[in-house]
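Protein chains: 2
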Amino acid sequence: MKASHAAIVSIIAMMTATGTMAQFRKPEDAIKYRQSVMFTMGNHFYSRIGAMANGRVPFDAKVAADNADIVVMLSRLPWIAFGPGTEHGITDAKPAIWTEQAKFKDLGEKMQSEVLRLQAASRTGDLDALKSAYRSAANACKSCHDTFTTQ
Amino acid sequence: MKASHAAIVSIIAMMTATGTMAQFRKPEDAIKYRQSVMFTMGNHFYSRIGAMANGRVPFDAKVAADNADIVVMLSRLPWIAFGPGTEHGITDAKPAIWTEQAKFKDLGEKMQSEVLRLQAASRTGDLDALKSAYRSAANACKSCHDTFTTQ
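First to last, the protein sequences are chains E and D.
Residues 1 to 151 in our numbering are what the first sequence lists, from first letter to last.
Residues 1 to 151 in our numbering are what the second sequence lists, from first letter to last.
Hints in this document: simulated from the structure, not taken from any laboratory.
Just to be clear, a hint being listed does not mean it is correct.
Pairs count within a copy or across copies, as identical chains cannot be separated in the list.
[Stated by the list, open to error] Here are the simulated BS3-like cross-link-like pairs (lysine-lysine), alpha carbons at most 30 Å apart as the crow flies:
(1) K103 <-> K26
(2) K26 <-> K131
(3) K94 <-> K62
(4) K94 <-> K110
(5) K142 <-> K26
(6) K26 <-> K62
Note that the structure is a prediction, hence the values are computed from the model and not measured.
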């Protein structure tokens with residue numbers, strides 16, 4: 001637990017410095033928050049952009065761009081909600097998130113950079129570019145979820 | 001139920017036209033989506049901006065502006081998730097949402113315009129302007145929730 005302790009101290013220092021400690025009154029609120037963000041992000045990513053990338057609904061460049069903007073904004077939010085005390089409770093998060101902080105951070109940043117690429121692709125109006133960027137971003141989501149969640 | 005039927009037909013027509021019917025595979029997904037959006041929005045509105053407006057945390061103009069941007073984006077999302085079939089299930093939504101569509105739409109739009117005013121106020125760097133816009137927006141949230149939810 002030594003590495004984990006260091007990681008938690010680092011998270012507390014970061015949260016206190018940015019004033020975000022006040023964002024959640026109790027760990028359950030943080031868990032519900034990150035789950036809400038992930039569910040909303042998943043809806044816009046899979047059910048809106050993915051539906052176009054996979055041909056389930058007609059391609060509409062404006063809809064793709066609007067949904068990519070939503071995904072990008074949401075991709076930045078959940079991380080603050082993995083603070084100390086939020087590893088217990090009704091959560092699919094594996095303990096590895098708190099014991100392998102560097103890897104978790106790396107995969108989280110990979111996802112964020114992939115959705116930025118998706119946003120750029122959505123601006124081209126080219127369905128093939130969107131499909132390619134969507135697949136890469138979906139792989140980044142899957143990679144982190146396979147490693148760090150029980151789902 | 002005649003007015004309600006007309007409202008539902010109108011919603012179906014709107015959803016089909018915009019291709020958003022595919023966003024939710026079943027009513028439970030729509031309910032979970034709107035709850036997720038509302039919870040996330042409430043966190044950024046009350047726990048981040050409200051904390052500054054009420055003096056619980058120090059005022060930081062950039063944090064206020066960033067959070068106002070998130071609130072504005074989220075304020076546009078939940079409405080599509082009040083479609084037919086989503087009036088039942090685990091929800092705090094009152095049946096009046098589907099029988100008093102015009103009033104629901106009006107209060108929803110009022111909230112959206114108030115958070116746009118909050119976003120503008122957050123750009124001034126003036127805490128008093130933020131406080132005033134925050135109070136107006138909070139009243140718009142409360143007005144709709146008092147009327148249309150059981151919470």
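Okay, the hints, checked on the actual structure:
no. : hint         : result
1   : K103 <-> K26 : within (26 Å within a copy, 35 Å between copies)
2   : K26 <-> K131 : between (40 Å within a copy, 25 Å between copies)
3   : K94 <-> K62  : neither (37 Å within a copy, 33 Å between copies)
4   : K94 <-> K110 : within (19 Å within a copy, 41 Å between copies)
5   : K142 <-> K26 : both (29 Å within a copy, 23 Å between copies)
6   : K26 <-> K62  : between (39 Å within a copy, 25 Å between copies)
Violation of the numbered hints given earlier is confined to hint 3; every other hint is satisfied by the structure.
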